[in-house]
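**Q** Chain residues, written in single-letter form:
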Amino acid sequence: SQQGEEDPQALSIQEGENATMNCSYKTSINNLQWYRQNSGRGLVHLILIRSNEREKHSGRLRVTLDTSKKSSSLLITASRAADTASYFCATDAQEYGNKLVFGAGTILRVKS
Amino acid sequence: ETGVTQTPRHLVMGMTNKKSLKCEQHLGHNAMYWYKQSAKKPLELMFVYSLEERVENNSVPSRFSPECPNSSHLFLHLHTLQPEDSALYLCASSFRVETATGELFFGEGSRLTVL
Numbered sequence: 293s294q295q296g297e298e299d300p301q302a303l304s305i306q307e308g309e310n311a312t313m314n315c316s317y318k319t320s321i322n323n324l325q326w327y328r329q330n331s332g333r334g335l336v337h338l339i340l341i342r343s344n345e346r347e348k349h350s351g352r353l354r355v356t357l358d359t360s361k362k363s364s365s366l367l368i369t370a371s372r373a374a375d376t377a378s379y380f381c382a383t384d385a386q387e388y389g390n391k392l393v394f395g396a397g398t399i400l401r402v403k404s
Numbered sequence: 427e428t429g430v431t432q433t434p435r436h437l438v439m440g441m442t443n444k445k446s447l448k449c450e451q452h453l454g455h456n457a458m459y460w461y462k463q464s465a466k467k468p469l470e471l472m473f474v475y476s477l478e479e480r481v482e483n484n485s486v487p488s489r490f491s492p493e494c495p496n497s498s499h500l501f502l503h504l505h506t507l508q509p510e511d512s513a514l515y516l517c518a519s520s521f522r523v524e525t526a527t528g529e530l531f532f533g534e535g536s537r538l539t540v541l
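Residue numbers (the numbering used here), protein chains in the order written: chain D, 293 to 404; chain L, 427 to 541.
It is worth saying that the hints were derived from the structure and are not from the lab. Glycine is no exception: its CB is placed at the ideal position from the N, C-alpha and C atoms. Wrong hints could be hidden among the right ones.
Facing chain D, from chain L, some residues (calculated, C-beta under 7 Å) [what the hints assert, rightly or not]:
| id | residue |
| --- | --- |
| 1 | Leu469 |
| 2 | Cys494 |
| 3 | Leu516 |
| 4 | Glu529 |
| 5 | Glu534 |
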């Protein structure tokens with residue numbers, strides 16, 4: 293497995309439901325970031341959580357980090373059709389030269 | 427609009443062509459990056475520049491040649507590409523190379539198709 297691995301690979305939900313995406317990684321990290329990508333577009337930064345933080349919120353987004361399990365989750369509450377996109381976690385780890393390493397992403401589809 | 431502009435957005439080229447991708451950032455950042463995004467694969471970091479100096483080259487074939495003439499501009503020169511090089515090429519910038527304190531700002535990407 294790779295440094296950052298998202299689960300599930302794809303998720304389809306109804307508008308108004310919550311969406312949860314998970315990210316697992318292998319090495320100790322400095323921080324973990326979540327990005328969003330609309331189809332065929334660039335990535336947009338959503339949130340950064342440091343290794344000494346356990347939870348962060350930004351609007352309808354909630355990110356948790358469990359360093360003992362080497363995992364993070366991104367929760368989008370009250371989803372909207374406009375949330376349809378791919379979501380990527382990216383880890384910053386000394387073992388990888390302090391460069392961001394991205395996972396393959398979770399494709400989220402929100403049906404209206 | 428993220429402040430990072432990539433041109434062209436779409437490019438189709440034959441295997442013997444020479445073309446270039448351009449990236450420009452107006453954010454005052456000192457670090458710029460090229461990533462390759464292929465279908466169903468994680469983003470692959472290709473090159474990193476810090477203050478116009480290349481600090482990373484991730485075993486990228488020589489048919490890809492980066493150029494960073496100043497901290498605001500980054501080019502990717504393409505020559506004798508292969509069909510498997512078809513992908514979305516993303517440029518990004520950050521305040522500095524070390525990412526512990528910040529995020530990457532991405533451009534919209536250049537979709538490259540090699541025939």
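**Q** When the structure is checked against the list of hints, which entries are broken? Sort them ascending.
**A** 2
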